[in-house]
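With chain S fixed as given, assemble chain W onto it according to the hints.
If you read the sequences in order, they're chains S and W. Mapping to UniProt numbering: the first sequence position 163 is 163, numbers consecutive. Mapping to UniProt numbering: the second sequence position 107 is 107, numbers consecutive.
Some hints here could point you the wrong way.
To be verified - The following label-pair restraints were derived from C-beta to C-beta distances:
#1 W:Gly203 <-> S:Ser309: 40 to 46 Å
#2 S:Ser141 <-> W:Ser6: 39 to 45 Å
#3 S:Glu283 <-> W:Arg172: 24 to 30 Å
#4 W:Glu140 <-> S:Gly140: 23 to 29 Å
#5 W:Ser67 <-> S:Leu19: 44 to 50 Å
#6 S:Glu305 <-> W:Asp260: 55 to 61 Å
#7 W:Asp92 <-> S:Glu305: 33 to 39 Å
These are computed hints drawn from the structure, not numbers from a lab. Remember, it's a predicted structure, so these values are computed and weren't measured experimentally. Glycine residues also receive a C-beta, built at the ideal position from the N, C-alpha and C atoms.
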Amino acid sequence: MESVPENAPEHCPGTQSELAGKASACEGCPNQGVCSSLPKLGPDPAIEEIRQKLSKVKHKILVLSGKGGVGKSTLTAHLAHALATDESKQIGVLDVDICGPSMPRIMGAEGETVHQSGSGWSPVYVRDNLAMMSIGFLLGSPDDAVIWRGAKKSGMIKQFLRDVDWEELDYLLVDTPPGTSDEHLALIQFLSGAGIDGAVIVTTPQEVSLTDVRKEINFCRKTSLPIIGIVENMSDFICPKCHKSSVIFPPTTGGALKMAETLGEKFLGSLPLDPRIAKCCDEGKSFIEEVPDSPAVTAFMNIVEKVVSYCNEFVKKTEAETGEAMDFS
Amino acid sequence: MNHLSSVKHVIIVLSGKGGVGKSTMAVQITLGLHAAGKKVGLLDVDLCGPSIPKMFNLEGRDIHQCSEGWLPVYVDKEQRLGVMSIGFLLQDLDDAVVWRGPKKNAMIKQFLGDVYWQDLDYLIIDTPPGTSDEHISVMEALRAYNPDGAVLVTTPQAVAVGDVRRELTFCRKTGIPVVGIIENMSGYVCPHCSECTNIFSKGGGKALAQQNNVPFLGSIPIDRHLTLSLDKGENFLESNPGSPALAAINNLVKRFIALDKDLP
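This is chain S alone, in the form it adopts within the complex (with noise of 0.2 Å):
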């Protein structure tokens, strides 16, 4: 629950709980009177209408790791890129990375800005049917620094979830930050009602990785959200003048391969190391479309096409197990 004061005691059940005005951290706190003397709220109101508001958005897939820099952002716009080729599905793209943006920039979006309407925020559109949002297109400059503690990033993401007017869309496609916080928890509470088709975990090979992710899985266990597959990010890299490759994060432990094996979640696959993917995306360029014929492409598109299978099969199961068609007319 969002409930936490930022001013209040250590400890603090949350002024929504059960124990709110009774636990021992409530003893001496100034508002304690006022917490347990208050009817409780229930659940969060916006949960009902981001339910409403999404209602016709037929697919949501997290992008999710524990570790940063592994790739999430390009993992995410290049998924949107290739999902967008069928110009008869409408994508949408969510950075919910408040303090380190990098989403504008990766779709090649800086400097544009949202506009407001009567039915909410306009999406940037980056192509006629890929739009996104993220806070980078709300700051003034690029030095602009978001800090931010957790329960204002939190409400961010609530307006995102319920004021972005997407229309209607066949993905939204959710970047994250890396860790297992207050920006997660508020997606897993805040989607509780949209319903979330699963979570796509990226890692890179080396163990040091790895054990972070590992934590990552642990969350999506604990918070019953799906996974649709684990992609291993950087597995090799192939020298552009020898066309040799090597290893430059080691996979001592197995790589992801073998941590999925283990944990019994899908491998979706790995992707090479390819320079002109990082300088794709510092141009907010396609590598799918500027280097089609990099091995990354093939093994990408590889990914794409087992996560499509998986949300198509994941709306059948939903539908066989609700008894209703979904109805996005």
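Same frame as chain S, but now just chain W:
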């Protein structure tokens, strides 16, 4: 909070971007200062993704309590290199720390207040990416101790530099001096043909330092032996003499040793 008053220098390792090598740099600086005969402490305030225990091969070790507070976990017998991380407090290595801000803040306050570092020459603080709870709490708590400043780590590509620019603004707003910027992963030498490829482009960190008038501390090339030794928790300084990354790291460490000489 008086445990920090016996620490001579406090250096915070920051980056707006994840996975650029904050922990790697923090570990290498710590090892370098230790090798130079300094007494060093390393505090890991990345609560959701602590990597420091792994990098020192200290996974599974426990923290002991004494009457003065928590004792750090020592890497060496002489107890001149102490480490503190939430990793030591977890039952299972794979346990996720699913905490919101206020709980993280309380933990960081404890780390900064209750760890009995004894007399340290340097305390290095490794942080998670971003400009949020962990960072605000560390800055607030350290303000009274006049920290030497922050070291910003970036990789050369524009996507990372973009986030580090925001971190510079954070330092300015919170009044913490910037010691300088390190550019990590600056080029990779192919082991087959010795061709150097700039996987993540080049020069981004240096340009950022110049634009903002802060010192540039050097660029560290990608070295697979470095990643490998961190995965195994080996001391890179000892296991890979002659590596080009090591030379760059040693240069960096010299800068920090110089900080100590500046003071009486």
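For each hint, the structure was consulted:
no.	hint	verdict
1	W:Gly203 <-> S:Ser309: 40 to 46 Å	holds, 42 Å
2	S:Ser141 <-> W:Ser6: 39 to 45 Å	holds, 41 Å
3	S:Glu283 <-> W:Arg172: 24 to 30 Å	holds, 29 Å
4	W:Glu140 <-> S:Gly140: 23 to 29 Å	holds, 25 Å
5	W:Ser67 <-> S:Leu19: 44 to 50 Å	violated, 33 Å
6	S:Glu305 <-> W:Asp260: 55 to 61 Å	holds, 57 Å
7	W:Asp92 <-> S:Glu305: 33 to 39 Å	holds, 35 Å
Hint compliance for this structure: hint 5 is the single one not met.
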